[in-house]
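K.L.:
Here is how the chains run, residue by residue.
2 protein chains.
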Amino acid sequence: MENRHQVVILGGGFGGLTAARALRREPVDVTLIDRRNFHLFQPLLYQVATGSLSPGNISAPLREILKRQKNARVLLGEAAGVDVAGRRVLLKDGEVTYDTLIVATGARHSYFGHDDWGTFAPGLKTIEDATFMRRRIFLAFEAAERETDPAKERAWLTFAIVGAGPTGVELAGALSEIAHDTLKHDFRRIKPSEARILLIEAAERVLPSYAPDLSASAARALKRLDVNVLTRTMVTCVREDSITVQAHEGTKVIPTRTVLWAAGVRASSLGKALADATGCEIDRSGRLILEPDLTLKGHPEILVIGDLGNFSHQSGRPLPGVAQVAIQQGRYAASTVRARLQGRSRPSFPAFQYHDRGNMATIGRAAAVVELPWLRFSGLIAWLAWLFVHLLNIVAFQNRMLVLIQWAWSYFTFNRSARLITGDNPFPLDL
Amino acid sequence: MENRHQVVILGGGFGGLTAARALRREPVDVTLIDRRNFHLFQPLLYQVATGSLSPGNISAPLREILKRQKNARVLLGEAAGVDVAGRRVLLKDGEVTYDTLIVATGARHSYFGHDDWGTFAPGLKTIEDATFMRRRIFLAFEAAERETDPAKERAWLTFAIVGAGPTGVELAGALSEIAHDTLKHDFRRIKPSEARILLIEAAERVLPSYAPDLSASAARALKRLDVNVLTRTMVTCVREDSITVQAHEGTKVIPTRTVLWAAGVRASSLGKALADATGCEIDRSGRLILEPDLTLKGHPEILVIGDLGNFSHQSGRPLPGVAQVAIQQGRYAASTVRARLQGRSRPSFPAFQYHDRGNMATIGRAAAVVELPWLRFSGLIAWLAWLFVHLLNIVAFQNRMLVLIQWAWSYFTFNRSARLITGDNPFPLDL
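Which chain is which? The protein sequence lines are A and B, in order.
Residue numbers for the first sequence follow the working numbering, beginning at 26 and rising by one.
Residue numbers for the second sequence follow the working numbering, beginning at 26 and rising by one.
Each hint can be trusted.
Listed next, the stretches of chain A that the computed footprint assigns to chain B, with coverage defined by at least 3 CB atoms under 8 Å from CB atoms of chain B:
| no. | region |
| --- | --- |
| 1 | 61 to 70 |
| 2 | 91 to 102 |
| 3 | 421 to 435 |
| 4 | 441 to 447 |
Chain B is faced by these chain A residues, among others (derived, beta-carbon under 10 Å):
| no. | residue |
| --- | --- |
| 5 | Gly76 |
| 6 | Pro80 |
| 7 | Gly81 |
| 8 | Gly119 |
| 9 | Thr151 |
| 10 | Arg213 |
| 11 | Thr438 |
Just so you have them, the derived chain A footprint on chain B, three or more residues with Cβ under 8 Å:
| no. | region |
| --- | --- |
| 12 | 88 to 101 |
| 13 | 427 to 435 |
In case anyone wonders, no lab produced these hints; they're calculated from the structure.
It should be emphasised that the depicted structure is a prediction, and the values quoted were computed from it without experimental measurement.
Glycine included, C-beta positions come from ideal geometry on N, C-alpha and C.
Model the full structure from these sequences, guided by the hints.
P.N.:
Put into structure tokens, the structure is as follows:
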């Protein structure tokens, strides 16, 4: 067995999992290493954070996915570093040797150097992030109901979302529905619909990576949902009870107890470790600068895929941090392994080429924007397309059914049954 | 509004919630206070702990349940004590006055004075308990796969369940299915089916509160599931890597990394506080000794329902800590309030009378025992009855559907898709 080519994949997200499955018929041994025992369908994580879905609905155990793939094994472990010369991955408690290493450890949210903001402004990358964000959102309404000081009540009912990319827009839309519909009859003192939802974006428009007309239609949809969009606005300070923003008109301190972070991401720390070990460069988001074939310079045996890599050979700009890129790169990485086993090597097989199949973001009930290579549209049809594509891409069939039922249910009843406030010690309410 | 009779209910479990709903047509103001924002269907908590269901599937937001009940309000809060003379509930951050107080704060698991065992032997009363237990169970298999020392691997694959009441039996059955079916093809090195599952019980038979023939058929079913039942066996020590048991044959130290606690419970600390405040007695499990009408001696305005109370007037023994008792007592408490508002008081209305509608426990796939007042049976029919009764009693209709689908799915595929290992910092694997 040890004579076979050893492929080690770090990370069981979209990229790593795709690479592992694409190697199922190859004469190699695949070791997939992840800190978590499940694959997470991140595009729906905001629905866990806003009480629509349960964590289990958007997760699938990695072992379950790969149980029938005889050449693959799963290892629960965390890579602490890579011994490039010895071709060994150093785990926190052990090591694994490789012939080919595929690194797909992704990114975490980042506070642009203000790590202290993290305490007050939870981000959204893991299941724990999502249940913590959910806790913060629903506790805020509870705290407002208990509050007697009107100014403090106002601060509890003010929600500031930082970053108006797809995640920020989705969170804002969901929060609006929570305030206006889900919690409509739930409280006796406060009116949840009086909640103020701010969506703060440094660029000049929401969904800045989309076409301007889609940004405009997203902005209109957000306005209908009573979301207060602040563009060209920078966040300069986040505290327990306020957020400070700076715009053309000047600086403003907004009292709020709930700041949700949907702004920057930073590549996982393994990027820096690999850069140090290989001499490869990283960009300012911590991503590794990749060769045209996704390898690290001077290390054809190391491929980097997904959010950890900066691949700029196609358009001069790095590819976006979306599932599609990771999936296509995962397939490419597997085909590289296959080609090499057959004795082919670059340039006899082509460089990686990203085929943008389109992007979509949902804003709320029956509102979404879709950007395809040949077509752009928004509204109900876009929303249905969004639902369909997301449902179809959830990994486990069982989860597809569960998500569908819960969506249908929520649509008709406006309920969000998974709005549990969990985590030990919910008191005092001021977190 | 303040002129209306104020009913304050502490605890939104089966008892408290039943009382609140039973008061919906009365001219009273109901305040339901709970530390959590959801009602938990505790009988299925073990299915969360064993990866079959997600927390959201067995929870329903209290505000959602009571949103249409105009005379009820929900307060997220934790009672620190009661000012009996002033008729005030003292919260950790505030106070609420009452005319009638219904106390339904239930019980926690207890380690018979060995609170240090709690670190190594998680119990099962809250959602957090369940996800922690789930983490422990599935991490144990992961750790075994990583272990190179055969003795240590054996300890990781040894599961000791303390207490063979319904919860212990259900956990043992589920663990057996996990080891033999769910994880069958998941690992490459270990054989999960070699896991050793011990069910430890101090009494002379499993399900000691059931009829002896049902205990015997449960014991046979457990044997078929490869569960090692140790009756007349006391636990004398629990450590990180072993459990010490004492039986007629002597004392034995069993190396294990996973001890699950399904033995004793202890009434919530509010029991002690109320005993101190009213001079009422508590039993050695911390339960308040109740009057025949569920009130505390000398305090007709305070009713205690569910696991917090010791009601022995019917059979001389305290009623069991099951949902049925709490529900019937909740209804009785509401009827007491109603009767008093109509000017009636004891003895013009009867003492509380428990009607035992039967008990059931499931052991595993197609195996359960049912004990009705006029009939006892076990096996497939009992299992179907168990499924039916539990499905029917889940509070939210949506959850009923979600649970049904997941059960059907698990039944045919042997999969447990909610087997996520969550919680921060999963490493090092030795917890």
